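S.K.: Residues per chain are reported as follows:
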Amino acid sequence: MKNKLSKWSQNQAFWPIVIFLLIILINSIMTGGDFLKITMVDGHFYGRIIDIFRNGGKLMILAAGMTMVLATGGTDISVGSVMAISGAIACSIIEGNLLPSLNGSVPAAIVLAICAGIICGLWNGFLVSKIQIQPIVATMILLVAGRGIAQLITNGKIITINSDAYYFINGGYILGLPFPLYIVIFLVGTLLLFVHRTAFGLFLESIGCNPKASKFAGIKVSGYLLAIYTISGAFAAVAGLIESAGIKGADCNNAGLNIEMDAILAVAIGGTNLMGGRFNILSSVVGALIVQSITTTVYALGVPAAYIRVLKALLIIVICLSQSDRFKQALAKAFASRKRREAAV
Amino acid sequence: MSNQEKLLTMTGISKSFGKAVKALDNVQFELNAGEIHALLGENGAGKSTLIKVLTGVEERDKGEITLDGKTIHPRSTDEAQKVGISTVYQEVNLCPNLSVAENIYIGRAPKTKFGGMDWKKMNADASKLLSGFGLNLNVQANLDNYSVAIQQMIAIARASDIKAKVLILDEPTSSLSQAEVNKLFEVMKKLKAEGMGIIFVTHFLDQVYEVTDRITVLRNGAYVGTYNTSDLPRMELVSKMIGKDYAALNKSVLDSKAEKKGSDKGEPFVKLDNVSHQGTINNIDMDIHKGEVLGLSGLLGSGRSETARVIFGLDSVSEGELKIKGEKVNFKHPIDAIRKDIAFCPEDRKTDGIIGDLSIRDNIVLALQTKKGLFKKISKKEAQILADKYIEQLEIKTPNADQLIKNLSGGNQQKVILARWLATNPELLMLDEPTRGIDVGTKAEIQKIVIDLASEGMAVLFISSELDEEIRCCQKIIVLRDMQQAGEVSDEEISQSAVMEIMAGGDNA
Ligand SMILES: Nc1ncnc2c1ncn2[C@@H]1O[C@H](COP(=O)(O)OP(=O)(O)OP(=O)(O)O)[C@@H](O)[C@H]1O
Ligand SMILES: [Mg+2]
Chain V
50 MKNKLSKWSQ NQAFWPIVIF LLIILINSIM TGGDFLKITM VDGHFYGRII DIFRNGGKLM
110 ILAAGMTMVL ATGGTDISVG SVMAISGAIA CSIIEGNLLP SLNGSVPAAI VLAICAGIIC
170 GLWNGFLVSK IQIQPIVATM ILLVAGRGIA QLITNGKIIT INSDAYYFIN GGYILGLPFP
230 LYIVIFLVGT LLLFVHRTAF GLFLESIGCN PKASKFAGIK VSGYLLAIYT ISGAFAAVAG
290 LIESAGIKGA DCNNAGLNIE MDAILAVAIG GTNLMGGRFN ILSSVVGALI VQSITTTVYA
350 LGVPAAYIRV LKALLIIVIC LSQSDRFKQA LAKAFASRKR REAAV
Chain E
6 MSNQEKLLTM TGISKSFGKA VKALDNVQFE LNAGEIHALL GENGAGKSTL IKVLTGVEER
66 DKGEITLDGK TIHPRSTDEA QKVGISTVYQ EVNLCPNLSV AENIYIGRAP KTKFGGMDWK
126 KMNADASKLL SGFGLNLNVQ ANLDNYSVAI QQMIAIARAS DIKAKVLILD EPTSSLSQAE
186 VNKLFEVMKK LKAEGMGIIF VTHFLDQVYE VTDRITVLRN GAYVGTYNTS DLPRMELVSK
246 MIGKDYAALN KSVLDSKAEK KGSDKGEPFV KLDNVSHQGT INNIDMDIHK GEVLGLSGLL
306 GSGRSETARV IFGLDSVSEG ELKIKGEKVN FKHPIDAIRK DIAFCPEDRK TDGIIGDLSI
366 RDNIVLALQT KKGLFKKISK KEAQILADKY IEQLEIKTPN ADQLIKNLSG GNQQKVILAR
426 WLATNPELLM LDEPTRGIDV GTKAEIQKIV IDLASEGMAV LFISSELDEE IRCCQKIIVL
486 RDMQQAGEVS DEEISQSAVM EIMAGGDNA
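In order, the protein sequences belong to chains V and E.
In case it helps, this note's numbering puts the first sequence at residues 50 to 394.
In case it helps, this note's numbering puts the second sequence at residues 6 to 514.
Bound conformation, chain V alone (with noise of 0.2 Å):
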């Protein structure tokens, strides 16, 4: 027993779990336990906690697209654009504006948005695999650009449209949970299953490495960064379909807004090197949900927005503190000395 506790908290999932629990705790005694209460209405469950889920959604996706391109050494700061023109297809179409001769088709607004953003995915891991743009500038283009690309669909326009289908993405529930859950767990499920069952993590933490000797070892080192940009921008897409039927509309200027950022924030808050390598998405996942808690409870407590960036920054400053060899050698020091201190008396 003993054992397997210790085994599990030298899991790099261990602490993100721990942190994430004690912040509902915190909520939980800070609003004398309504934080965690969950009410059945109508055969759906409602509460703080539901709403983290649900709400969070969109970032678990994205961390988890995020946490690829990071182990491979990378970064892709388009995601938020990419979500952006994926609102904007899928909407434009249902609306019928664009393509009017699908008359509106809630699937093949889904499946041309996922397109989209597969081909938004290829051509940012063009740039980086082939023609070997530093990541963060390639990405760029399609951050700047995307918002633009966007707004020629839509005209320009925010579009709001009319479908209880589309709607479904965001709010639907299936045995009284909110859809968005289900489709994290299938896309993290599957692309954890991936991960694990082939070496794809293997090769992905290899590159993330050392990219030369990789090359060496027989890896298409080129290959496979193509694939993990082309999955992000995939990945983008869903998370701009969840995001656009919850405002059941498409918003180019606001959907996804610096959402790339706390995708970011939760890999590391995952524990995951943005430098590359050794990488764990499971982690990540945890990482989107302490974000988006932070800003459940923000809310729930009724404490001015603007605290929730003042909390992002404290959260940021920990991690750097706790992933700082200097810092934790300090820490040891302070410790050891103390605890000689103690013994001495």
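Derived from the structure by calculation, the hints contain no laboratory data.
For clarity, every value in this text was computed on a predicted model and none was experimentally measured.
Treat the hints with caution; some may be incorrect.
[Stated by the list, open to error] Quick list of in silico lysine-lysine cross-link-like pairs, DSSO-like style, CA-CA up to 27 Å:
id: 1; chain 1: V; residue 1: 264; chain 2: E; residue 2: 385
id: 2; chain 1: E; residue 1: 385; chain 2: E; residue 2: 355
id: 3; chain 1: E; residue 1: 382; chain 2: E; residue 2: 411
id: 4; chain 1: E; residue 1: 265; chain 2: E; residue 2: 276
id: 5; chain 1: E; residue 1: 402; chain 2: E; residue 2: 345
id: 6; chain 1: E; residue 1: 270; chain 2: E; residue 2: 345
id: 7; chain 1: V; residue 1: 269; chain 2: E; residue 2: 276
id: 8; chain 1: E; residue 1: 27; chain 2: V; residue 2: 382
id: 9; chain 1: E; residue 1: 381; chain 2: V; residue 2: 269
id: 10; chain 1: E; residue 1: 11; chain 2: E; residue 2: 194
id: 11; chain 1: E; residue 1: 262; chain 2: E; residue 2: 249
id: 12; chain 1: V; residue 1: 264; chain 2: E; residue 2: 276
id: 13; chain 1: V; residue 1: 377; chain 2: E; residue 2: 67
id: 14; chain 1: V; residue 1: 269; chain 2: E; residue 2: 345
id: 15; chain 1: V; residue 1: 269; chain 2: E; residue 2: 330
[Said to hold, decoys possible] Covered stretches of chain V (chain E as the covering partner; in silico rule of three or more C-beta atoms under 8 Å from a C-beta of chain E):
id: 16; segment: 242–251
id: 17; segment: 308–314
Cβ coordinates follow ideal geometry from the N, Cα and C atoms, glycine included.
Based on the hints, put chain E with the ligands in the right spot on chain V.
M.R.: Relative to the frame of chain V, chain E with the ligands by itself:
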């Protein structure tokens, strides 16, 4: 020896990494002014760790260090430099994207009257300093334009230029040519005459006897003893270092060679038919048969490694034909060669070999995994069995296969990369400087493994700058010069002088 000339003393030095690795255990060391002192021991004996402890890269657990009679405790390379200790580490740690001159003067650049950087003076000084080492380089070019050997020389030039009392050189000569080594020794002797104390780590015993005054031997993290070089015969030194019978080991290599059956004279495994690659090799014509150890010899840049690169699909065949088992191939990527049972252990371990942040186990299975493909994952259990097998067979010094490869000593990293390629069970094994940085005992073991593998039917392409090593292992040696084949010797004709003659261009080809 009188007390006055004692420059540096280290006593009772201990250092552990975690619970499992005791790298140094109560080690002592002493350096006099105007002395060149060899620090010797097997791979993983603790030489580099002792140096890192001395220069503050690693924090010691216990022990005392005094310099000029004063206790010192540097916390970083920078602090060590300030008290007068200048170091060239085993792994070159210069900045690849700064210029050569910037690398030499980083942190101590000459200033103009107005306090700005004096680029002119810096570049001129750098050129002058390097020409003292026989190097005429464009000092304004980025460092990564130059080979590892040149980078090593630049690091040495930088360290020797800092006005220090103690100069530390950790395996500086492992990638240098004989001419460069000679230059280095000249400089070391000059610095010694000026009263500097020099600590010199190497696995080349010839060099130890050529330049050093005293020798300190470490074994398994423990202090064995300090001796005057002139009083310690070579065989005795070796037995102090490796603690096993070197003579027997050495004999077993020679026996293996003598017993080795002739190679398969049928169709060659690899045939290079007038192969060229723009700018690196011209019209190379050679066969490698199964069961044969073929040596490639020649000076740096003569096209040795470049030939292997073409066979491995890293460089394309621009003219001529490459045939594997009689079938013409056109490799686009190393994986194409790996699938044809070819393995290539590259020369530059740090940049082309190790995946630093991964475990020994992952590093060993990597090439086998790419050969099997993405979907046929090698289970953790199988990987563990493989890793354990090679850790034992190659005597890789580590508590377990979970250790990160970057935490191994240099020589042990080299063994892991060798294991990576042996694990793919290749038909052709290409080894580029496989024993670089490897201690004398293990060197003999690796040579024996190579010969035995060939006896069992593997084809081996053996590239080494150490001629005597090639002569010991190979049945045929092809000598390259200026990217072309200059000649070849085989069987009884193989001798140091025969190879050297072709290398130098004694028109007998
Ligand atoms: N950071 C580290 N973490 C864990 N183990 C380490 C670390 N650094 C060194 N070691 C271990 O300490 C031992 C001594 O290593 P060291 O690099 O000093 O050997 P060395 O004598 O320089 O060998 P070589 O001739 O191969 O360079 C080795 O077993 C090595 O694996
Ligand atoms: Mg060493």
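S.K.: When the structure is checked against the list of hints, which entries are broken? Sort them ascending.
M.R.: Numbers 5 and 17 - these are the hints that the structure violates, sorted from lowest upward.
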